[in-house]
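Line by line, the protein sequences are chains A and D. FYI, our numbering numbers position 33 of the first sequence as 33, with every residue one higher than the one before it. FYI, our numbering numbers position 894 of the second sequence as 894, with every residue one higher than the one before it.
Bear in mind the hints are in silico, worked out from the structure with no lab data behind them. Do not rely on the hints blindly, as some may be mistaken.
Computed spacing ranges between beta-carbons, pair by pair [what the hints assert, rightly or not]:
no.: 1; chain 1: D; residue 1: Asp600; chain 2: A; residue 2: Val31; range: 19 to 29 Å
no.: 2; chain 1: D; residue 1: Asp599; chain 2: A; residue 2: Gly58; range: 26 to 36 Å
no.: 3; chain 1: A; residue 1: Gly55; chain 2: D; residue 2: Thr718; range: 51 to 61 Å
no.: 4; chain 1: A; residue 1: Ala25; chain 2: D; residue 2: Tyr129; range: 56 to 66 Å
Below, in silico cross-link-like pairs of lysine to aspartate or glutamate (EDC-like), each with a Cα-Cα straight-line distance of 20 Å or less [unchecked claim]:
no.: 5; chain 1: D; residue 1: Lys666; chain 2: D; residue 2: Glu678
no.: 6; chain 1: D; residue 1: Lys502; chain 2: D; residue 2: Glu516
no.: 7; chain 1: D; residue 1: Lys502; chain 2: D; residue 2: Asp118
no.: 8; chain 1: D; residue 1: Lys956; chain 2: D; residue 2: Asp874
no.: 9; chain 1: D; residue 1: Lys648; chain 2: A; residue 2: Asp81
no.: 10; chain 1: D; residue 1: Lys273; chain 2: A; residue 2: Glu137
Where a beta carbon is used, it is the ideal one built from N, C-alpha and C, also for glycine.
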Amino acid sequence: MAEPSILTPAPLEQALDLPPIPGVAGLRVTVAPIRAAVGLASTHGSAGLPESLEGVLGHRLDRRPGSCQGNDPCSIWTAPDRWLVTSDRVERFAFVAGIMAAVPRSVLVTDVTDGLPAIELTGSGARALLAHGCSVEVADGCSARTLLALQPVTLVARGDRVRVFVDRSLVPFLWSWIGRHVPLVGTG
Amino acid sequence: MSTRAGRVAQGGSALDRSRPLSFTFGGRRLKGFAGDSLASALLANGQAVLARSFKYHRPRGLWGFGAEEPNAILDVQYPDGRHDPNARATLVPLEDGQAVKTVHGWPSAGRDVYGFLDRLHPLIPAGFYYKTFIRPNWHLFEPRIRAMAGLGVVPVEREPLLRAQRHHHTDVLVVGAGPAGLAAARAAAAAGQRVLLVDDQPAPGGALLVDPTDIDGMPAAAWVDRVIADLGAMPNVTFLPSTTAMGLFDHGLAILAERRPVPAGFAPEYLWKVRADRTILATGAIERPLVFPDNDRPGVMSAFAARAYLARHGVRAGQAVVVLTGNDSGWRTAEALALAGSEPVIVDLRPDVAPHPSIPTHVGSVVIAVQGRVGVAGVVVEPLAGGPRTELACDLVAVSGGWTPTVHLHMHAGGKLRFDERLDAFVPAGEAGSVATVGAANGRFDTAGCLADGHRAGSIGSGSFAAPEAEAEPAYRQARWRKLDRPKVRQWVDLQNDVTAKDVSLARQENYVSVEHLKRYTTLGMATDQGKTSNLNGLALMADELAVPVEQVGTTTFRPPFTPVSFAAIAGSRREALLTPLRLLPADREHVRVGAVFDDYGGWSRPAFYPQEGEGRAEAIAREVLATRQGVALFDGSPLGKIELAGKDAAVFLDRLFYHSLGDLKPGRVRYVFMLTEHGKLYDDGVVSRLAEDRFLLSPSSSHATGVHALVEEWRQTGWPELGVVASNVTTAWATFAVTGPKARVVVGRLPVDVDLSAQALPHMGFVQGRLGDVPVRIARVSFTGELSFEISVPAGYGPSLYRLLADLGKEQGIVPLGSEALLVLRAEKGYVLVGRDTDGNTEPQDLGITAPLRKKQHDFVGRRSLMRPVSRDERRLELVGLLNTVPDEPIPTGAHMFERDAGGSRRSRGYVTSAYQSPTLGRPIALGIVADGRRLQAEGARVDLFHLGKVYHAKVVSPVFYDPAGERLRG
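Looking at chain A on its own, in the form it has when it is part of the complex (with noise of 0.2 Å):
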């Protein structure tokens, strides 16, 4: 095994050249601090999955739409047979594995903790912001996969916290909606 800390992961704002985002009354522009994002695809039903993970996550996945088991790890109901977990504090590397490690041979396990990071909007007027641009209202608990300004995204609402889960690539633009959109939060 190679020395640790050859390479440092750049963090998104900076990698990406994100400038803040002025908050306003009611809602607070971040992105999140997801240290694990992982994707979880099966098929056919995904038989001894659900049950594989219980030792890993401590629940059990979630076959019903839109929904989110755990708080953290959290795993995310994205389409029949996949899920995507996430976990803001575990060690990314070594999650993967455990997970990898768990689950039957036919789940195809992907890391996508870089490729699939979220913009996270905190306050009451998070799902003000995401009415500018999103058709879907997502309720307390629960996950959506929709567009938000024609993009695609999974929405992740618990309380008055509202993750956006969107492709790296595609950041810069949404940061760049959301900052444009922020002042109307509060004007109905």
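Chain A is already provided as a structure; the job is to place chain D on it using the hints.
What follows is chain D alone, placed relative to chain A:
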């Protein structure tokens, strides 16, 4: 008390007289007040002529009060830079600093040089343009005719403000905050429903603001205030004034346009996309004109509008007023204007009504002439039963021809209509799915009926309280009137489109009797008002012409939008940088740091080249090419597709999906592959790596990554759902850098990875996974430059760090950053195609010389059957070749066509040049092209002529591989 038309000293419930506003009209400075509409302010300032008519250029003035206004379409510029060239004056709130001008007539509507056309009217009836200008070509005449017709000119200046849009979900959408709408909203809200109530006027109340009555024992205004206060206290209710419902669409979607101030940078115009479980339309009714001679003169106005301007804006539309009516509504106008100091006279079509007790009344009479051209000077009244005519001097003719329920939104929702003889109007025939229509829009013209109708529609279950009540009113009675039987005079049916009763007769004579043909032949009901005031009169006249009931004639289709909405509002914030995403590379800032010049490559912002000081584009590209051929270069290939595939049937799946075989690919090896469409056409080329027996990594081209993934999913889910295989697109989860050039191994050899990168362990088209420190790394020996190459991938967050590391490790070897433009040259020198550029939509694998898979594969694959067709073996197919110019200093341009002469001597294309570059490696221009029977021409070393932009070029057909045809360099 004032004795002039204009602003009265008191009154006007919408006005804030403490806030005077200033605006210009045709350059003249005028005054108004906050709460004025542009229409009321112009009326208060005595501006009679606001437009010229579409065809005959007759002076036109204000007719209506709301969305139905057919004439007063104006060009409005705002101090904040907005510019609306087709603003409906009745719907535009007056703002300080507005610059307003007319849009019809030249130089203005007031003085229009085309006014002479009115005198030529016998020569230009309906259908004139169709018949006269069809030869030689309508398009020769169209621009001039359209310019003369008027309407606003789209501004060329940049729109500075964004438009906001928002989505909203609700249980009940109530459109219209008149008595029916308020009753419906209150009942629905009390039942716990989420309610969105909208009205196109700035204040709720609808007709109650103009025609007050008592409701639940209190004055209407107090009742409206109480209901609004009740609704305001409910968290489940949202009320949007100044909001027009533009259209209803499938699945309960309603589009609303709201006019209100919003934060800096946005125009005061919100577009709402509302999804409602139920929609209640309380859209009221529109007062329709009566058809009589010269009924289009400025000063002929809707009777309701006349009393609405008085009640809401304190504007008296006339001093000496003739009210021409066929119902009691007109009488209310006469009474209101009399109270405000005007001197009205009533002319009532109904023969059996008693004269008004205090206002002179001509019973059973009609106006047969209107005097004056740019304003009303008087009228001639004649009893319908015959008798002496009376001339009356007046400055306003207020007309009430009855009420037409506003059923546009009902029809957007797919609703049907029935004709109500008593009302002489079409009304909704029941509900339209989840859309109910109530109140005047449903043919209930009394306040009590509107309240009951709205309350019933809004109630869920038994309801928690009784419906609001109003005192009973006399039953609505409308005189049936079509037109005056005077064939020689012009009586206007459609003010916006200049359609007369004679035009309707002419349409019938020419057999355009279908309502849709009538509309197209005469233009009745077209344009921006969509027949709001004209439709019913036109249909009724056609019914009379045909001697059939109006219902039998039917109606045309009302389409969204109900009133025009600007393209800017529809676009919202989707413009400029927010129109389409430009994707950034993981190491974007690193490229910025080393001075890259960026360009858009398939939606990715990528370095085109890296100029050094004093270098131009061509010099930089040439230097990067030569550095790659002679030393080593570093290319950011992160957008290259990365689709992971797993499952016990993964190999079977890929064998069916791709043109090339993959089942026999060994783990740790890579294969170049084609993906075809079902039609056998080349969709993409890329490489596939086998990570394990049941694991693959597909690397389609950058621009096709999403498309290939979509096809993978389509075939996986619908083609062969029985196969145990899953796929994920992880393109942007990884950063990929190619170290390429004869010195690449030296640089990559310094990488502290835990895998063997020697030529034996990792040969050309080999693949290995390992770790770089604690970071996962994937290394593939594939090349798009023709040189020894290593494609190194790490998780995208580590991309900038790896880029810096590779640049550092390569310093000793003089590593240079390689841009996309130099890469394009390198691959062309090597004869590597770029799908979509060196191929067209008809290219098949054999056109590129790849035929083995079709011959060897024993099973079906996507596109196979199509490749069996005779056309795939046609010798005239366009095949890839190389081209070298045979005349020095005359490089062949991209797009040049190889041509041949047919029997008649005409030039015919035989293919074209797809890529052409100056090759720094070869020191001469090179080109790739696809030409008919290309391989035979190549074998013959044919000399051909190519044509481009008037010039003929001479070339020799050669192999498309200009550099290292044996492929020795990339195997090093």
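(Q) With the threshold set at 20 Å, check whether the alpha-carbon distance from Lys502(D) to Asp118(D) stays at or below it. (A) holds, 15 Å
**Q.** Lys502(D) paired with Glu516(D) [C-alpha distance capped at 20 Å]
**A.** At roughly 18 Å apart (the allowed maximum being 20 Å), Glu516(D) and Lys502(D) satisfy the hint.
Q. Going straight from one Cα to the other, do Lys648(D) and Asp81(A) come out at no more than 20 Å?
A. holds, 16 Å
Q) Taking the beta carbons of Asp600(D) and Val31(A), is their distance inside 19 to 29 Å? A) At roughly 25 Å between Cβ atoms, Val31(A) and Asp600(D) fall inside 19 to 29 Å, so the hint holds.
Q: Could you say whether the range 26 to 36 Å given as a hint is met by the Cβ separation of Asp599(D) and Gly58(A)?
A: Once the Cβ atoms are compared, 48 Å apart, the range 26 to 36 Å for Gly58(A) and Asp599(D) is violated.
(Q) Looking only at beta-carbon atoms, does the pair Ala25(A), Tyr129(D) fall within the given range of 56 to 66 Å? (A) holds, 58 Å
Q.
Hint check: Lys666(D) vs Glu678(D), CA-CA at most 20 Å. Holds or violated?
A. Violated, because 27 Å separates the two Cα atoms, which is more than 20 Å.
**Q.** Distance restraint between Lys273(D) and Glu137(A), which requires alpha-carbon spacing of 20 Å or less
**A.** Holds: Lys273(D) and Glu137(A) sit about 13 Å apart, inside 20 Å.
Q: Compare the distance between the alpha carbons of Lys956(D) and Asp874(D) with 20 Å, and conclude whether the hinted pair is satisfied.
A: Given pair Lys956(D), Asp874(D) is violated - Cα atoms ~23 Å apart, limit 20 Å.
Q. Should the hint that Gly55(A) and Thr718(D) are 51 to 61 Å apart at their CB atoms be regarded as holding?
A. Between Gly55(A) and Thr718(D), where Cβ atoms are some 36 Å apart, the hint is violated.
Hints 2, 3, 5 and 8, counting from the list given before, are not met by this structure.
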